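Line by line, the protein sequences give chains X and Y. Take 1 as the starting number for the first sequence in our numbering and just add one per residue. Take 1 as the starting number for the second sequence in our numbering and just add one per residue.
Note that these hints are calculated values from the structure, not bench results. Since this is a predicted model, take the numbers as computed values, not measurements. Heads up, a few of these hints could be off.
[What the hints assert, rightly or not] In silico SDA-like pairs for lysine to any residue, Cα to Cα no more than 25 Å straight-line: (1) X:K464 / X:I520; (2) X:K467 / X:G540; (3) Y:K142 / X:I472; (4) Y:K142 / X:G255; (5) Y:K142 / X:F534; (6) Y:K142 / X:P278; (7) X:K467 / X:L533; (8) Y:K142 / X:K506; (9) Y:K142 / Y:F180; (10) X:K464 / X:A567; (11) X:K539 / X:I472; (12) X:K506 / X:P59; (13) X:K506 / X:N62; (14) X:K467 / X:K506; (15) X:K20 / X:A567.
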Amino acid sequence: MSVDTHEVHRHPAPTGFIRKYIFSVDHKVIGIQYIMLALAAVIVGMTMSVLMRMNLSWPGTNWPILGTLFPGGAPDGVMTPEFYLSLVTMHGTIMVFFVLTTAPQGGFGNYFLPIQIGAEDMAFPVLNMLSFWVTFVGFIVILAAIFYSGAESTVGPIGGWTGYAPLSALGQIAGPGQGMGMNLWIISIAIFCVGSLLGALNFITTLLNMRTRGMSLMRMPLTCWAWFTTAVLALLSFPVLLGGGILLLLDRVAGTSFFIPGGLYLSGILSGTDERFPLHTGGSPILWQHLFWFFGHPEVYIAILPGMGATSHILATFARKPVFGYRAMVFAIFAIGLLGFFVWGHHMFISGMSPYSAMTFSILTLSIGVPSAVKTFNWLGTLWGARIRFTSAMLFAIGFVSLFVAGGITGLVLGQTSLDLPMHDTYFVTAHFHLVMGVASIFGMFAAIYFWFPKMFGRHMNEKLGKFHFWITFIGVYCIFVPMHTMGIVGMPRRFAQFTEYEFLKTLHPLVVLVTVSAITTVLVQLVFYFNLFWSMFKGKRATDNPWNATTLEWTTATPPPHDNFAGHLPTVYRGPYEFAVPGAPNDFVMQTEPEASRAPFETSGNGHDGHKH
Amino acid sequence: MATTVTSTKSATKDARVGGGPKPPGPNGKGPRGNGWHGDGKRRGFSPAAYRITMWVVLAAVVMMFAALSGTYIFLSLGDQWRPISAPRMFFLSTVVILISSVTFEVARQRLKLENVTGYKRWLVVTLMLGLGFLTTQWLAWKELRSQGVYLASNPHSSFFYLFTGVHGVHIIGGILALLFLVFRFRTHGQLNATRTNASTEVVSRYWHVMDGLWIWLFLLLSVWG
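If we strip away everything but chain Y, and leave its shape as in the complex, we get (with noise of 0.2 Å):
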């Protein structure tokens, strides 16, 4: 486990595989075309397609968020909705997610210091936080149900369980990338260091926008109606 990041920029210089100065376009007029350039290298790692890839999943994925709030509107303002008050474990489920957005933040200021040690320990606590949130969206589950409140009960009902159950599966996608930056980082002993640096990146971006979805849905369910 004698695991050590050298460092987060120099690799990138030297192989030039994402970052790195380009070379000037066949115009003369600077980089064109952010691609390989044609010199029979083998291309290696690219972080900007992670990247590009994050934003264009988180893209659908608010896409498909979009709609079923606008369902969730739409449905509010017929005259058979019958409001029912949001589970108070909500309250707790939205702080252990903000908490578990703050730790990955940790973990990312432990990789860039280059303390793996620390990146490590706070990448499972905040898996452990992720983990949490499932607990407490379970337990809003059964305190709904406790109070008879049930999937099909009426519209308000379902919208309870369908968007802390669609969320949760995204939450779910994010803890098993987690988990594959925790095991990555366990199985390679030596690390790649502009490999590290983007998966950790892009899999906090996907986290911290799930965490704001979240909020936008409790908002939803707990204020709108």
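Excised from the complex, chain X in its bound form (with noise of 0.2 Å):
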């Protein structure tokens, strides 16, 4: 067995359909394998939110087509308040797990982090194509919930995304939603977590060890930044949401009580007195809590850094000027990765705690503004006195910065303990986090597929379909989340099928339906973006190598970048990853594989090449 029969890094080219296309070890193809499977799992969560929205408008309204397609779930067409619920669950696991964890992380990072370091693929290609196969098992598993939930009248388990104990660690004596649904939901996340586990230790690997000559650590784009400390946040947060999935499990299937305390009285029963409800003893439901919120802060940085990354990225290409305060930036991302892992209390202040971990937990959180206006101010820095190319990238990415502020503002309303207890599981909750982890991070996506589009397919989106999109989107998001804050003050209770019986929230309906109203045209809007991104896959416009004059290493590269990125010579690195507009230089922008002017071009051939002889 010598080296050079068993290569780790280089794999031949493949031919056949199912090598190149299916069980590929190409990280593009699984880079682009990730994006297919958020922007199918998207449409689930779409329709699944519209689906609520119209429950919370017109409540009680016979809707045919639902009676017929869940005659369990909608007799009559009319929506059930567990059918409700249950819509609640998988909308808000489908959307946070297989949506904004695998496009930004599995998608983009997959695709563009080894292209942007000048490595020809991942450290491990075939664990690569493992970590997308385990995630897609993964979201088989939670369709199935939708399917086996174990009750007629819902469409998977009850429990929200955040799936809390007691109620979801008791089975079928909980209520409906809490059958083999619940197990399936659990085990899909747990399946999910190693998929995103072997992907994070891959990241990890290709980025410390794979970065081509010169680029030093300070010389990658903030994307790979970004990537980097997600798949870090990711590698130190599941292992958490495993081992509680684990416990959750093993107290639904094998009787244990880590999350059930003794004593516990449900649904007439008290427990150990009846065999559908056997004895529990000494566990604690606020441990589970503990242990999801541990996983579940840092996964909302996890889906929002790569974001911050490609809007970095997107905005420096067309300001055309260089990243302000990009040393700054780099400590940011870092900054709000650490501080994440240390605020998850600020989810469980109305659970009860001591006034002293409140207040920890909340100086903490508040102190995660700092990084974050860091970053925002350096993106004002970046277009400040710039002449912007307003492409659809670059709106998206402007829109993203828009959001963000929006949607972080409310964080720090929500970060103190006593705003957040009248606050605490009302619309202005589910306001904050769609602006912020939601809304934004979906449109880091769309600035980034725009922006990278004619990179992965050789072809450009349409600028008109997607500038049209933007703004009806953009729109369409504030006219949804804005007035969201407005109920939540008023005191709208968060994961309610309908509001017909409280007098104090009827005046909010015209509200209520404006919210529903902008949900449904934006969804629509969202089809003209999926039929942009389709035809312009085959019709759009031609692109070149460097269609936007970027600098970084992915613009180096042939449209669409060949099987080996590079085409078997790797770039060598000489400078940062934002030269624009460089004083003397001949064109506003200044390639990171173009050598230094006053130096003579690298040696790159002959005996200097690897170094030893010079």
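Got two chains here, separate frames each, mind docking them using the hints?
This is how it looks when you write it as structure tokens:
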């Protein structure tokens, strides 16, 4: 066995369809697979949100098609509260795990991290393929939970994406939506954890070990920093969720009591007095919240950090200016990631905790505002005085900044214990995290797809449709989520199927309808995006190798990149990633591979190339 | 089976596939970027990738056990906690896994001395001790069951099964890795020194961390409460 016959890094370009597009070990194909998975999952998630909105605005309406599709969940076409609650659960779970975690990190990270650091593939290509297919199995299992939820009246388990114990730990006895569907939900999350961990360790190893010559850490594009930090967050937080998931599953199937306290009285039965509800003792439901949110808060940054990276990258490119304060941006990414591990308690203020811990969590939470503000002001500094090229990608990147500020500022409100207590579980919280975690991350991804589409598919997306998509989506999401803040302040609770019973919420009904109409409009506009995406793959304007006059390594190679990214000759990097508008340079951008003018081009052939004989 | 490990060092120097001197960076400030250096050479096996990945894997494993340990400590402070004394078999399993770490180091020592037979022999000994450890854990389960302590009896008893079970799964992973080392050693007559060294190193690191984790879990189960 010699070294040469057992290559780790170089694999020949596959020829068969299955090896090329399905079980591919090429990070670019895997990246696109992740993006496709997210594009499929987001349709499910969006459909569910539209159904929820319709039920909230017009409760009790007969939707004949619902009655046909879900005779149990919507008898006579009228949605039951259980049906609504299972929609909440599945919408949250699918969106958080299979859209916001897969597309930014697994999708774009997989495709562009190796190219941007000048590597020919990920460090472990087969592992990379595995991580995608494990994630895919997780998705199949969560879809199975829709159909085998164990209760006729639901489309999945009931528990929110947080699956709070003890109800989630007790099984069928706890009511509809707590049967088989909950088991499948936990199993799906556990599978997803494994897939993400495999991906994360590949990302970390690739970035640390496979940077090309001259690509020092501080010459990496900010996208790479974001993906790297995200991978570290995933690496340290998913094992905790996996551990928690194992305990929850044991509680459900093996009769343990990790999250179930003693003396529980449920559905008219005292624990231990009936064979349907065996004796439980000594567990703690709060414990599940700790485990879940120790993962859950970093997960928020797993969703948004790649969007921050892409935004920085795209803002600099279209502002034709270097990123303002590159070093500060890097430290801000790391600070956000680090602080993200010490603030999980702010999700639990209302669960009961010592005022001292609450204060500590509160202060740490507010301190995340500092690196976030560093990033925001640096983005504004990048835009300041620039001749901005308003492409669709740029619009979405600017939209990201706007949404990040609008959604993040309410984080400072909710991070304070005294304000969180009345606001908890109201629409204020829903509005906050949808703006900052959901929509802002998605805007980052939209910016990324409009920006990198030419490189990925060799064609441009239609700019006119792109701008139309941007403006309607941008206005739409504000029309959805700004009124929600008002509702939350009035006291409208989350996760209620309808509000017809509450006199004080009746005046809010026009707002509820406005939100629904905006939501449906925004969802419909996404069809334009889908059309643009798939139409442009085949019919779009052909792209050159560097259509945006950008500087980083992905723009030095062919469009679309060859199987080994750089056609057998990896680039050498001589400079930082954002050298736009360099005084004295012939163009307004200097590629990372361009040698310094004062130096002779680096010897790339002959004796000197390996560095031994210099 | 005439296997020879030629050397542990020189292989890296000639091919510059991981260790060895690095070319100066384009900015003249010494090595920058420890990746491939753009000369069209085939990139070979990278021991650094294995080492980094193993540390990363161990970080994830330790995080999971930290979460489970945190759960244990959290629940042990509750008033419904009923401590159970640890099965005596745990002392034996602790001794077994400690010895297995030592034998693994002996195997690595043999590899360093290029004593291939010794290396293989001690790897097999480690493997056997690993299986022995799993057996003692299983016997501990039997001991618990004979005392009427089951998985669902109360939180403390659940943790006995949970910790040993989850840790045991990780030990099985280590045993598979050991099998891989021994098995690959058999099939490929001509061994590549770098590759063997790196794989042995990362597997031993994993094994020692699992050893340490068991000591921690053992102390948690028997001393803490």
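We went through each hint and held it up to the structure:
The straight-line distance between the Cα atoms of K464 of chain X and I520 of chain X is roughly 22 Å, inside the 25 Å bound, and the hint therefore holds. The straight-line distance between the Cα atoms of K467 of chain X and G540 of chain X is roughly 15 Å, inside the 25 Å bound, and the hint therefore holds. Of the supplied pair hints, the one linking K142 of chain Y and I472 of chain X is violated, its CA atoms being roughly 65 Å apart against a limit of 25 Å. About 19 Å separates the Cα atoms of K142 of chain Y and G255 of chain X, which keeps this hinted pair within 25 Å; it holds.
For the hint pairing K142 of chain Y with F534 of chain X, the CA-to-CA distance comes to about 60 Å; that exceeds 25 Å, so the pair is violated. A distance of roughly 24 Å separates the Cα atoms of K142 of chain Y and P278 of chain X; the hinted pair therefore holds under the 25 Å criterion. About 13 Å separates the Cα atoms of K467 of chain X and L533 of chain X, which keeps this hinted pair within 25 Å; it holds. In summary, the hint linking K142 of chain Y to K506 of chain X is not supported, as the alpha carbons are separated by about 63 Å, beyond the 25 Å threshold.
For the given pair, K142 of chain Y sits about 30 Å from F180 of chain Y by alpha-carbon distance, which is inconsistent with the 25 Å threshold. Straight-line distance between C-alpha atoms of K464 of chain X and A567 of chain X comes to about 34 Å, which puts the hinted pair past the 25 Å bound. At roughly 24 Å between alpha-carbon atoms, K539 of chain X and I472 of chain X fall within 25 Å of each other, so this suggested pair holds. For the suggested pair K506 of chain X and P59 of chain X, the alpha carbons sit about 13 Å apart, so the restraint of at most 25 Å is met.
Taking the CA atoms of K506 of chain X and N62 of chain X, the gap is about 21 Å. The hint holds against a cut of 25 Å. Distance check on the hinted pair: K467 of chain X and K506 of chain X sit about 37 Å apart at the alpha-carbon level, beyond 25 Å; violated. Distance restraint check for K20 of chain X and A567 of chain X: the Cα-Cα separation of roughly 17 Å lies within the 25 Å cut-off, and the hinted pair is therefore satisfied.
Hint compliance for this structure: hints 3, 5, 8, 9, 10, 14 are broken, all remaining hints hold.
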